[in-house]
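Trainee: Sequence:
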Amino acid sequence: MQNQDYIISIDENAGFCWGVVRTLEKVEQCLEECSEKNVYVLGEIIHNPSEIKRLEKKGLKTLLKDELINFNPENSVAIIRAHGEPPSTYEEAEKIGLELVDATCPLVKNLQNKVKKYFDKGFQIVIYGKHSHAEVVGLRGVCDDKCIVINSSEEALSKVDFTKKTVLFSQTTMEKKEFQSIAAALQEKFNVENESLSEGERLKIFEQKDTICKYVSNRGQSLIDFAKSNEVVIFVAGRNSSNGKSLFTVSYNANRKTYFIENIYEINKNWFENAKQIGITGATSTPQWYLILVKKEIEKILSLKK
Numbered sequence: 043m044q045n046q047d048y049i050i051s052i053d054e055n056a057g058f059c060w061g062v063v064r065t066l067e068k069v070e071q072c073l074e075e076c077s078e079k080n081v082y083v084l085g086e087i088i089h090n091p092s093e094i095k096r097l098e099k100k101g102l103k104t105l106l107k108d109e110l111i112n113f114n115p116e117n118s119v120a121i122i123r124a125h126g127e128p129p130s131t132y133e134e135a136e137k138i139g140l141e142l143v144d145a146t147c148p149l150v151k152n153l154q155n156k157v158k159k160y161f162d163k164g165f166q167i168v169i170y171g172k173h174s175h176a177e178v179v180g181l182r183g184v185c186d187d188k189c190i191v192i193n194s195s196e197e198a199l200s201k202v203d204f205t206k207k208t209v210l211f212s213q214t215t216m217e218k219k220e221f222q223s224i225a226a227a228l229q230e231k232f233n234v235e236n237e238s239l240s241e242g243e244r245l246k247i248f249e250q251k252d253t254i255c256k257y258v259s260n261r262g263q264s265l266i267d268f269a270k271s272n273e274v275v276i277f278v279a280g281r282n283s284s285n286g287k288s289l290f291t292v293s294y295n296a297n298r299k300t301y302f303i304e305n306i307y308e309i310n311k312n313w314f315e316n317a318k319q320i321g322i323t324g325a326t327s328t329p330q331w332y333l334i335l336v337k338k339e340i341e342k343i344l345s346l347k348k
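With the sequence shown counted from 1, adding 42 to any position gets you my numbering.
It should be emphasised that the hints constitute simulated quantities derived from the structure, not laboratory data.
A few of these clues could be false.
[What the hints assert, rightly or not] No farther apart than 30 Å at their CA atoms in a straight line, the calculated lysine-lysine pairs in the DSS-like style are these:
(1) 201 x 151
(2) 151 x 100
(3) 103 x 163
(4) 156 x 172
Owing to the predicted nature of the structure, the values given are computational and were not obtained by experimental measurement.
Generate the whole structure from the sequences, applying the supplied hints.
Mentor: The structure is reproduced here in structure tokens:
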């Protein structure tokens, strides 16, 4: 193997989305300014083990919501992560006197407000997302868990009550094409079930709100281009990252030699057999510093130098 035979590149569009950057900045600021306090985060700050370990070395601790009831808040502060929390979390924290720092992504906070607004107006709430995902748990909380969480058109058509005013939202990290497919299927069914109504009245009975993060949806095409421009793609993300799973699928569909890893120890040298163009990319919760580490590890494996 000759060094000049290989090019290893990092996707320039990979790395943290602005919402995650904002959250991590708040965490770093809190760790610095609250150095005499115990700094906790409610659940995983982001779905990336490497970044979590980095922050834990700086003093960040994890507090599970179930632990709040017996938690001693003395000399402690807890951070609400980017995914947001249901109202019950804020209420429980206030009840025990726990200081909170809200680092909810502004897009998620805006989505929570929209869901509550439509719920208060009497709409049937439908959410395209994953029922147990932290963001969706928060959304369920703002509408008293009186919502329908679906993952496909088929599921939506079987669960929605077409006699009720309905609004469709999406978890911010879901796939745009699938959201559009679900929205189209529901719209068609609502039109059929309410054909006696005027077009204007039909528009009022079903509304769709594309609340998918633009950063996530815009990465789709650039990721396809990146995957196609390389012979082998290493996709780096936490295994429980919803966004990671979604973007990996995009990359894999564009290049079947896309391999998912959570850490450098999972890299297999056989993946690079006869490959001259190797690309490294990741989820919106994957830090650039770790992508650089992956590149160095691949160079080491292939006995390459910078």
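Trainee: Hints first: check each against the structure and report whether it holds.
Mentor: Hint check results:
1. 201 x 151: Holds: residue 201 and residue 151 sit about 26 Å apart, inside 30 Å.
2. 151 x 100: The hint holds at about 27 Å.
3. 103 x 163: Roughly 39 Å between the alpha carbons, so the hint for residue 103 and residue 163 is violated.
4. 156 x 172: Cα-Cα ~18 Å, so holds.
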